[in-house]
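Those protein sequence lines, which keep their order, are chains A and B. Going by the numbering used here, the first sequence opens with residue 1, and the numbers climb by one from there. Going by the numbering used here, the second sequence opens with residue 153, and the numbers climb by one from there.
Treat each hint with caution, since some may be false.
[Said to hold, decoys possible] Chain A stretches covered by chain B per the calculated footprint, using a threshold of three residues with CB under 8 Å from any CB of chain B:
{"id": "1", "region": "61-67"}
{"id": "2", "region": "70-83"}
{"id": "3", "region": "89-100"}
[What the hints assert, rightly or not] Derived contacts from chain A toward chain B, CB cut-off under 8 Å, selection only:
{"id": "4", "residue": "L22"}
{"id": "5", "residue": "L27"}
{"id": "6", "residue": "T41"}
{"id": "7", "residue": "L44"}
{"id": "8", "residue": "V105"}
Hint data in this document are derived by calculation from the structure and do not stem from the laboratory. C-beta: ideal position from N, C-alpha, C; glycine also.
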Amino acid sequence: MTVNLVMAATVGVLYATGITLLLSRSLMRVLIGVVVLGHGTNLLLQLAGGPPGRPPILGGVPPEEFTDPLPQALALTAIVITFALTTFLLALGYRSYVLVGHDEVQDDVEDRRIARQKAPTAPLENGDDDGEPDAAERTADEVEAEARGSAR
Amino acid sequence: MNALLPLPVLLPMLGAAASIVGSRWATLQRVVGIVVLAAVAVLACVLLVATDRQGTIVAELGGWDAPVGIALVADRLSALLLLVSTLVTLAVLVYAIDQRIADYGRATASTTFHPMYLMLCAGVSLAYLTGDLFTLFVAFEVMLTASYVLITRRTGANRIRASMTYVTVSLLSSLLFLTAVALVYAATGTVNLADLAGRVDELPTGLQTVLGMMLLVVFGIKAAIVPMHFWLPDSYPNAPGPVAALFAGLLTKVSFYALLRTQTLLFPRDEPWTLMLVLSVATMLVGVLGALAQNDLNRLLSFLLVSHIGFLLYGLAVFDPAGLSGAALYAAHHITVLATLFLVSGLITRRTGTVALDRMGGLLRTSPGLAVLFAIPALTLAGVPPTAGFVAKLALLQAGAGSGPAEQAVAGVVILASLLTLYALVRVWVQVFWGEPQPAVPDADPTDEVLVGTARTSVPMYAATAGLIAASLGIAVFAGPLASMTERAGVDLLDREPYRIAVLGEVP
Chain A
1 MTVNLVMAAT
11 VGVLYATGIT
21 LLLSRSLMRV
31 LIGVVVLGHG
41 TNLLLQLAGG
51 PPGRPPILGG
61 VPPEEFTDPL
71 PQALALTAIV
81 ITFALTTFLL
91 ALGYRSYVLV
101 GHDEVQDDVE
111 DRRIARQKAP
121 TAPLENGDDD
131 GEPDAAERTA
141 DEVEAEARGS
151 AR
Chain B
153 MNALLPLPVL
163 LPMLGAAASI
173 VGSRWATLQR
183 VVGIVVLAAV
193 AVLACVLLVA
203 TDRQGTIVAE
213 LGGWDAPVGI
223 ALVADRLSAL
233 LLLVSTLVTL
243 AVLVYAIDQR
253 IADYGRATAS
263 TTFHPMYLML
273 CAGVSLAYLT
283 GDLFTLFVAF
293 EVMLTASYVL
303 ITRRTGANRI
313 RASMTYVTVS
323 LLSSLLFLTA
333 VALVYAATGT
343 VNLADLAGRV
353 DELPTGLQTV
363 LGMMLLVVFG
373 IKAAIVPMHF
383 WLPDSYPNAP
393 GPVAALFAGL
403 LTKVSFYALL
413 RTQTLLFPRD
423 EPWTLMLVLS
433 VATMLVGVLG
443 ALAQNDLNRL
453 LSFLLVSHIG
463 FLLYGLAVFD
473 PAGLSGAALY
483 AAHHITVLAT
493 LFLVSGLITR
503 RTGTVALDRM
513 GGLLRTSPGL
523 AVLFAIPALT
533 LAGVPPTAGF
543 VAKLALLQAG
553 AGSGPAEQAV
563 AGVVILASLL
573 TLYALVRVWV
583 QVFWGEPQPA
593 VPDADPTDEV
603 LVGTARTSVP
613 MYAATAGLIA
623 ASLGIAVFAG
633 PLASMTERAG
643 VDLLDREPYR
653 IAVLGEVP
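Pulled out of the complex, with its shape left as it was, chain A reads as follows:
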């Protein structure tokens, strides 16, 4: 099977753009990344069906000239699914905006706690490991959040 070079390049660009956007912090960019990546995938599904042909309706044209209808059916289903997920992500981003004031994915509290420990001197049993930021951590997080807010 041969594939149009322009289409192949387009799929590549869509994948690259989508994944770059997925790696960013803002949920809005993640959302756009999912949409772009979804387009790339749907285009790939189309290309998987081979070169374009005549409409696959019996009687008009010989079956050898038919275009392959199955990938189109698959792409249609995939488009509907991507659409549903996009609306869900939009709602989630809005929810995050209402709750937290921004739609950025925050650092994991525990990751940050581990990163802050210069050396693991304190054994875990005595350390604060309850999954919730204690007073000192919370202040540091708030300072950071304020810094981020003022930078805008």
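Given the structure of chain A, go ahead and fit chain B onto it with the hints provided.
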């Protein structure tokens, strides 16, 4: 018989529709949910007996013949996992309903919970029963979309980050799955699994490897195989108790089932799979060592969940009938025991008000019943005889012992990981149940879904948990018949011909 095959998918979907329409009547929703899942459990039971007696059952949807239309296929493995999964969803639903009644009274119900729960069950059933790679993708989407709603509903500011990680990682793996489907179609011109089984064999070896690895990565992310596991211990602990139990019981195992099905059917091999062996060792050790470092009960259980995915992979890595049989038996055991442990963790949290192990203590004195409910699944997970965990691990170890030297060496890692699991759970036992009773920690955010420290529990919540423990003990009691059935399933998986003949008719 094959007219029954679409029902495990259809009934929960219709039930979900009915519970959206009847969302004002709480009792109606609850009755619909329980009746539907009980019916699916009965159906799964019938399917299991029928597949074991007559062999693979196929239903062609819409009357289109197999390579073109969508086929639903039930064989021994899918029927067994469907039965176990449905029993778990039924028990978790009873638990969730009674938790809701204990918290908010009998009159109110949530609009979204019941429909989404039933949709998730429909997705799980479809994933087990489908004989089509694209329908498998759709099944995963149905299941995951419902799980997105369940994990994010009524979430507070402190939990939304974890939900975002879960949603984003799942979305990425879904899009990769779709890419893999497109590439498989481009290479072979079909998405029917039975048809693919013949056509993939004719592809060049390099292309086969690419397709096999893509599917491995896709299901590896969803099944939390190390090093693609990082999202799981981060997101599951933030879900409300019953939802975490549902996810822990089902989602990763459905992905493992998909991995097992695609790898055995499309990419058969004659000797043990070295890459899978390496992944299995990494998953077992990273999971259990991660669990040892935790102070948060739910995170600890999540890491143990990851660790025990490694046991399943070990069975797949051995790649002979005994190994696959062990993996199937282990999957059945894993589904029940992890769901039970998360339910028990929910019960513990409602008493202590915290998931931090160092702030609990003395529960043995204040609620001895809870101690019994924790002890049995904990011993089962660690694989202490005579529990189901022991039976399943024994099957895996026997398979490994009959294989090459590398597999025999990894059998040692299996035992080490089991001992470390036991150590982690004994630590939990000492910290939670022994010592002086600690006062309950007040709920940090009473507005969100997770109500803790209220100690409001009802008898059905305990009964649902005890029912799951009974199911797990049932696996141990009926280990003989079950093991001989999974052995037949393992032979079928490797043979491939029964599956292909059942779906395609005579194989050319």
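Taking the hints in turn, this is what the structure says about them:
A count of 0 residues in the region 61-67 of chain A with a Cβ less than 8 Å from any Cβ of chain B is obtained; the coverage claim is therefore unmet, three being the minimum. Evaluation of the coverage hint for the region 70-83 of chain A: fulfilled, as 6 residues show C-beta separations to chain B shorter than 8 Å, against a requirement of three. For the region 89-100 of chain A, the stated coverage by chain B is satisfied: 6 residues place a CB nearer than 8 Å to a CB of that chain, which reaches the threshold of 3. Checking A/L22 against chain B: minimum C-beta separation of about 6 Å stays under 8 Å; hint holds.
A distance limit of 8 Å between C-beta atoms decides the matter here; for A/L27 the minimum to chain B is near 6 Å, and the interface restraint holds. A hinted interface residue such as A/T41 counts as satisfied when its beta carbon comes closer than 8 Å to some beta carbon of chain B; here the least separation is about 5 Å, so the hint holds. Taken as an interface hint, A/L44 checks out: its beta carbon lies about 4 Å from the nearest beta carbon of chain B, inside 8 Å. The beta carbon of A/V105 comes within 5 Å of a beta carbon in chain B, closer than 8 Å, and the hint placing it at the interface holds.
When each numbered hint is compared with the structure, a violation occurs for hint 1 only.
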